[in-house]
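**Student:** Read off the chains here:
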Amino acid sequence: MLKMTHLQKVYRTHLIETHALRDFSIHVREGEFVAVTGPSGSGKTTFLNIAGLLEEFTGGEYQLDGVDVHGLNDDQRSRLRNEKLGFIFQGFNLIPDLNLFDNVDVPLRYRGYGAAERKKRIEDALGRVGLASRMKHYPSELSGGQQQRVAIARALAGSPRLLLADEPTGNLDSLMARGVMELLEEINRQGTTIVMVTHDPELAARAHRNVHVIDGQVTDFDSEPALRAGSRESGIGNRESVQAAPVSP
Amino acid sequence: MEIRPILSALMRSKVSMILIGLQVALTLAIVCNALFIIGQRMDRMNRPSGMNEADTFTFGSNGFGQGYDAQAVLRSDLALLRQLPGVADATNTNTTPLSQGGWNSPINLQPRQKSATANTAFYMVDSHALGAFGLRLVAGRNFKDEEVMPMDQGDRIQPSAVIVTKPLAETLFPDSDAVGKQVYLGEDSPPSTIVGVVERMQQPWIDSSTIEYSTLIPAFMPYGNYSRYLVRTEPGRRDEVMKAVEQKLAEANSGRIIGRMRSMEQTRADAYAGDRAMAIILGTVIVALLLVTALGIVGMASFWVAQRTRQIGTRRALGATKGDILRYFQTENFVITTIGLLVGGVLAYALSLWLMQAYQAPRLPWYYVPVGFACLWLLGQLAVLGPALRASRVPPAVATRSV
Ligand SMILES: Nc1ncnc2c1ncn2[C@@H]1O[C@H](COP(=O)(O)OP(=O)(O)O)[C@@H](O)[C@H]1O
Ligand SMILES: [Mg+2]
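Line by line, the protein sequences give chains A and B.
Take 1 as the starting number for the first sequence in this note's numbering and just add one per residue.
Take 1 as the starting number for the second sequence in this note's numbering and just add one per residue.
So that you can see chain A by itself, here it is in the shape it has in the complex:
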C-alpha cells in the first residue's frame, strides 16, 4: 500500500539545512493500522506529509498503492490525494463557514461526483461517525470530539484506500480521544489502511504495529510479516495493562 525506501527529506532555508528524514524506509501493507511515534521534531509530520503527497521528497523512492510517486505533477498529485487518501488533522481543519454537510462535500466536489452520489456518500459518512442528525450544523456548534468525527467522515466519504492521521487526538481530552480512536479502529476493521502519528503511547499501543522515529530515522521497525501477529498480541496486552492502571490505586 505504502512503500518508502531510503527516503530523504532536506529542508533548505538560506541559513540552515534540516535533514528531517534520512534513509527512511517503511512498508505499510493493505489493511494495517500503523502508529508512528517519536519525540517532537523527529520527522513524523514530515513523513506523513510526504506519504500524503503534500510535500515532495529530496531522495529515495516512494510507491503509493503501486504508483511511483516521483515525477508526478501538481495536478496528478492532487488527483491522487483526492482518490486514494483521506486526511485527519490534529486541528480538525474543518471549514468554519460551511455546515457539516458542505464540509464533507468538499473532497467529493473535487472528485467530480454528481449531486445524488455526493448526497448519498455524505449521509453515509456522517452516519458512520454518528452525526447524521446534525448535517445543517456548523463546526463551531460541535465539541472537539464531534468536529474530529466530522473530519473523519470527510476523510471517509471518498472511500480512500489509505487514511493518514497526524495526531488526531492531540487536541482532545482523553475521553473524546478514546472515542475517536475506537472509531478509527472500527474503520480499520472495515478494511481501510490507517497510518496514525501520535505521541500518546496508550493509543499507539492499540495499533497493529508501532514505528518509532528518532531524528528522521526509523529505529524500531517491526515490519516482518512473521512478527506482525506477535506485535498485535503485545499491543493488546499493552492496552489491557493500561486499562487496568486506573483501577489499581
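Bear in mind the hints are in silico, worked out from the structure with no lab data behind them.
Here the structure is a predicted model, which is why all the values come from computation and not from measurement.
You may find that some hints are simply not true.
EDC-like cross-link-like pairs, simulated, lysine to aspartate or glutamate; straight-line CA separation at most 20 Å [said to hold, decoys possible]: (1) Lys3/A <-> Asp68/A; (2) Lys136/A <-> Glu123/A; (3) Lys14/B <-> Asp97/A; (4) Lys166/B <-> Asp177/B; (5) Lys136/A <-> Glu2/B; (6) Lys14/B <-> Asp102/A; (7) Lys322/B <-> Glu56/A; (8) Lys84/A <-> Glu56/A; (9) Lys84/A <-> Asp177/B; (10) Lys120/A <-> Asp102/A; (11) Lys322/B <-> Glu123/A; (12) Lys120/A <-> Glu2/B; (13) Lys119/A <-> Glu2/B; (14) Lys84/A <-> Asp74/A; (15) Lys322/B <-> Asp75/A; (16) Lys119/A <-> Asp102/A; (17) Lys322/B <-> Asp74/A.
With chain A fixed as given, assemble chain B with the ligands onto it according to the hints.
**Tutor:** Just chain B with the ligands now, kept in the frame of chain A:
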C-alpha cells in the same frame, strides 16, 4: 461551478460582502450616469457650428475722436483686409456662432402676426459672408453687393433680401422651396425675400433651444463707432495673419483701436469651458471610483486569502488542484460582484430618474447598465486575479504545518 457552497459561506461573513457589494453597486450607478452625462456634453460640444472654425478669427475696431466716419472706415477696412496676403475672405458681422451674444427676433410669414412662426438670430453681414464664414449654400444665391445697405443702431431691420439656414427654411416652409418666399422680420416692416439657404449656421448662443435658426441680413452696421469683422485665412496661416491684421489696420487709421482679436477656436473653447470642466470632473470621479473599487476588491480578497491560508491548504490536501483554488476565488468574486451589480442596476436607474426630475436630464439609455455590468465583472476579475493566484500557490502542507 460550486456557487451554492460559496454563496452560503459568504452569507456567514455578510459584512465584508455587503461592503464590497455596496461599493460595486454605487460604482455602477454613478459610473453609468456620469458616463451618460459626459456623453451628452461631448455630443453638445461636437455639434458643428456650420462655419469654418480652424482658419477664422474675429476682432473689433473702436473709433474715437471727432468726425470719425464709422461707415467709411468699415468699407475701407474690408477692402484692406481682402487684399492682405494670407486672407481668403473677410466680412463685417455683428456676431458669430459660439460668441454667446447677438440679436434674436421673431420671423413671421404674415405682418403683425400674434405668435411668432419661429425665432431667429441675425447676422448683419455683407456679400462676403458666405466666403468668410465658410458657409455652404444649398439653395438660391448669395447677396448682391447692391443689396447690402448701410444701417445704424436703432434702424428698422427691413432688408430686401435675406439668407436663412436650412432648418429655419424647413420650419418656415415645410412643404415648399423657401427661396423666393417672403418673410416679416419686424412689426410693421415690409417683407424680406429669402434669396438663399445655407446648410447650417448656429445661433451665437450654445444653450439656445433653436440653435439652428439663423438669418443673414445684408447690412453695413457699426454700433456707433464700433465695428466687428470676421476674417478667414488660407489654411494654416491664421496666427500669422492675425498679427499682420492688427498691425496693418492700426497703421491704416490711427483714430481707432483694434481689439478683442480672437480665433474662432478660442471662442469655441470659451463657450464650452463649463461643459469641458464638467466632463473632466466626472471623468475623474469615474476613474477614482473604479480605482477605489478595484483596490477594495484587491484588499478584501488579499485579506481573505491570508485569513483562509489553512483552509486553502486543507482544500489542497483534500484534492483541490491549483486551478480549483484559483476558480474558487474567481467565482467568489463573481458572486459578490453580481449581487452588487444587481443592486447597482436598480440604483443606476433610480439615480437617472432623480436626475430627470431634479435637472430635467434625459433618461439613461437602458444599455448603459448591461455594459456597466460587463465592465465591472471584468474589473472584479482583474482585481481578484492577483490574490487568487497567490491563493493557488498556498502549499498543501500548510494543512498540517500551521496549527
Ligand atoms: N518547512 C520546513 N522548513 C524547515 N524545516 C522544517 C520544515 N518543516 C519541518 N522542519 C523541520 O523538520 C524537522 C522535523 O519536523 P516534523 O516532521 O514537523 O517533526 P514532528 O512532526 O515529528 O514533530 C524539525 O526539525 C523541523 O524543524
Ligand atoms: Mg508533527
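**Student:** Next step is simple, just say for each hint if it's right about the structure.
**Tutor:** We went through each hint and held it up to the structure:
1. For the suggested pair Lys3/A and Asp68/A, the alpha carbons sit about 10 Å apart, so the restraint of at most 20 Å is met.
2. Restraint check: the Cα-Cα separation between Lys136/A and Glu123/A comes to about 12 Å, which is no more than 20 Å; the hinted pair holds.
3. About 11 Å separates the Cα atoms of Lys14/B and Asp97/A, which keeps this hinted pair within 20 Å; it holds.
4. Taken as a hint, the Lys166/B and Asp177/B pair is honoured in the structure, with Cα atoms around 10 Å apart against an allowance of 20 Å.
5. A distance of roughly 18 Å separates the Cα atoms of Lys136/A and Glu2/B; the hinted pair therefore holds under the 20 Å criterion.
6. Between the alpha carbons of Lys14/B and Asp102/A the distance comes to roughly 18 Å, so the proposed pair stays at or under 20 Å and holds.
7. Distance hint between Lys322/B and Glu56/A is fulfilled; the C-alpha atoms sit about 16 Å from each other, no more than 20 Å.
8. Between Lys84/A and Glu56/A the CA atoms are separated by roughly 17 Å; this keeps the pair inside 20 Å, and the hint holds.
9. Among the hinted pairs, Lys84/A with Asp177/B is inconsistent with the structure: their alpha-carbon atoms are about 90 Å apart, more than 20 Å.
10. Distance hint between Lys120/A and Asp102/A is fulfilled; the C-alpha atoms sit about 13 Å from each other, no more than 20 Å.
11. For the given pair, Lys322/B sits about 28 Å from Glu123/A by alpha-carbon distance, which is inconsistent with the 20 Å threshold.
12. Our distance criterion of 20 Å between C-alpha atoms is met by Lys120/A and Glu2/B, whose separation comes to about 18 Å.
13. Note on Lys119/A and Glu2/B: the hinted pairing holds, with a Cα-Cα distance of about 15 Å set against a maximum of 20 Å.
14. Between the alpha carbons of Lys84/A and Asp74/A the distance comes to roughly 15 Å, so the proposed pair stays at or under 20 Å and holds.
15. The suggested pairing of Lys322/B with Asp75/A holds, with an alpha-carbon distance near 7 Å, which does not exceed 20 Å.
16. Distance hint between Lys119/A and Asp102/A is fulfilled; the C-alpha atoms sit about 10 Å from each other, no more than 20 Å.
17. For the proposed pair Lys322/B and Asp74/A, the alpha carbon gap of about 8 Å is at most 20 Å, so the pair holds.
The structure fails to meet hints 9 and 11 from the earlier list, while all remaining hints are met.
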